[in-house]
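Undergrad: Here's the letter readout for the chains.
Protein chains: 2
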Amino acid sequence: VEELEEAIKSMRIRGAPALEVAGAFGVVLACMEKRNLLHAAKRLLKTRPTAVNLSRGIERAMNAARGGKTRDEMFELALKEAGKIMREDARRNKLIGKYGAKLLRDGDVVMTYCNAGRLACTDYGTALGVIRTAIKEGKNVKVVACETRPLLQGSRLTAWELLEEGIDVTLITDNAGPWVIRKGMVDKIVVGADRITKDAVFNKIGTYSLALAAFEHRLPFYVAAPLSTFDFGREEKDVKVEERDGDEVRYFSGIPVAPPVKVYNPAFDATPLDKVSAIITEKGVIYPPYDSWS
Amino acid sequence: VEELEEAIKSMRIRGAPALEVAGAFGVVLACMEKRNLLHAAKRLLKTRPTAVNLSRGIERAMNAARGGKTRDEMFELALKEAGKIMREDARRNKLIGKYGAKLLRDGDVVMTYCNAGRLACTDYGTALGVIRTAIKEGKNVKVVACETRPLLQGSRLTAWELLEEGIDVTLITDNAGPWVIRKGMVDKIVVGADRITKDAVFNKIGTYSLALAAFEHRLPFYVAAPLSTFDFGREEKDVKVEERDGDEVRYFSGIPVAPPVKVYNPAFDATPLDKVSAIITEKGVIYPPYDSWS
Chain V
1 VEELEEAIKS MRIRGAPALE VAGAFGVVLA CMEKRNLLHA AKRLLKTRPT
51 AVNLSRGIER AMNAARGGKT RDEMFELALK EAGKIMREDA RRNKLIGKYG
101 AKLLRDGDVV MTYCNAGRLA CTDYGTALGV IRTAIKEGKN VKVVACETRP
151 LLQGSRLTAW ELLEEGIDVT LITDNAGPWV IRKGMVDKIV VGADRITKDA
201 VFNKIGTYSL ALAAFEHRLP FYVAAPLSTF DFGREEKDVK VEERDGDEVR
251 YFSGIPVAPP VKVYNPAFDA TPLDKVSAII TEKGVIYPPY DSWS
Chain P
1 VEELEEAIKS MRIRGAPALE VAGAFGVVLA CMEKRNLLHA AKRLLKTRPT
51 AVNLSRGIER AMNAARGGKT RDEMFELALK EAGKIMREDA RRNKLIGKYG
101 AKLLRDGDVV MTYCNAGRLA CTDYGTALGV IRTAIKEGKN VKVVACETRP
151 LLQGSRLTAW ELLEEGIDVT LITDNAGPWV IRKGMVDKIV VGADRITKDA
201 VFNKIGTYSL ALAAFEHRLP FYVAAPLSTF DFGREEKDVK VEERDGDEVR
251 YFSGIPVAPP VKVYNPAFDA TPLDKVSAII TEKGVIYPPY DSWS
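These protein sequence lines are chains V and P, in that order.
Under our numbering, the first residue of the first sequence is numbered 1, with each subsequent residue one higher.
Under our numbering, the first residue of the second sequence is numbered 1, with each subsequent residue one higher.
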């Protein structure tokens, strides 16, 4: 369990859907290691506060485990549920891809942010799943990926995933995103999400900047996320945005790139729903007004 | 002259005001080395296409040199003019500081971008000159600096300059700028400029993103620049935005941080003047409508 906690904190496991599966398997590990389940669940929950999917996965496995009478039964039931979530994830991503692909046209250039690909899920990806499906359907879709400072999920993960598959991808710095939109170099923006409250989409820091630019230039701004990302009982102000260590910004591969200065390093931002054109889920595409869905 | 060209291209000399002075001294060097002046001026001009100040400095020194009959006279005249520009720069920055400081209040948190400090000029700085003067006048002003990918002028230069002087500064990634504005963590934005046409301000890539967020949240967005940055005879569409080598994004201190992917790496963006609250010059503060100034 400690190893899993460390892997989540250091972001070797990251991406909202992957965290859902990891949370469930964390409960399985806690059963296996004969831990106090409530205590283990609380510790897992604290590793990263913003993505709601982590808590969803933990809750589902905990509820399953509670059905068991013996330790062994609890383990078996949690394991079954975690496996189910894992298989569900790949399936729902393909559905997100199917519904989302209808929003993309032949010839579109799509901007994406951070990594909402298979490396953020068990397989296929949410935002990248939409792009993958469109391409599989024969549409010529090109991608612009933003590098996503400080940890560069856009260059290290998204560009890698797409290159590996032979999908046309161009990398830009995050600060160039709004300019690329202003220049008319992209047609649509598709990103993932870590939590969708009744008024805002929490996603990797920098998402809000692209949403503002898309709104200014009247480009569609789509969010692709499974329903487990929805948390319509909460508002933007109720959600804790994780602040990470300033050394992520001060150092680069261990090399100092800044003087010993104070750093504010939020991991996420919130984009108000009035800047979101549609949300692509495994049940279909949701359009505004979103409050009718809550 | 070749050494100077290399220093400008590699950005060891950068910042619009510093480029103005460097351009003038480039003509002095060409006189000294008995070069074909027109040819040397053209080559210097080509090193970086976006900042208009470089061409202003070259032009002024060329015009001065033309007054000489012998090589020695030309050298003397160019040198005199270059020295004059150099002394003017520090003086006009102090005036920019004086006028701009009136726009800052005690307790303000000011966001700045890239480096418009003394490391971008001969001394004192434009945007940072405004902050310096306000602090000298006894106002408690704090700074938020954006790191400015890919070359990190914000962390390597701005944070360093301010720390050295004991000014309170917090570093953030560029993509966090709009979120920090949304969260109400800053009161004003002050940036420099590389060229101001009759419809837009060209400045370091990423400036536009902050201008959009400032506009959305009704924060003042100020540009601090000497009059030599103005180019009201041109429009946004007439200006060439420099595209730099993709390896600036793919590598970090020589370490690869991205797969061998296509990169689009523009050095500047353009912010339409309707998103600029005021321009601070050495002659005073200019407010909209700016076209009355052209």
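Quick caveat, the hints were computed from the structure, so don't treat them as lab data.
Incorrect hints may have been included.
If several chains are the same, the list does not tell them apart, and a pair holds so long as it fits within one copy or across any two.
With a straight-line cut-off of 25 Å between C-alpha atoms, the simulated SDA-like cross-links for lysine to any residue are [what the hints assert, rightly or not]: (1) 262 - 38; (2) 275 - 256; (3) 275 - 73; (4) 198 - 156; (5) 94 - 239; (6) 183 - 215; (7) 142 - 243; (8) 94 - 266; (9) 262 - 219; (10) 80 - 105; (11) 237 - 278; (12) 262 - 151; (13) 262 - 165; (14) 142 - 70; (15) 183 - 246; (16) 198 - 252.
Undergrad: Run through the hints listed earlier and report the numbers of any the structure violates, in increasing order.
TA: Going through the list in order, the structure violates hints 1, 2, 3, 4, 5, 8, 10, 14 and 16 and respects the others.
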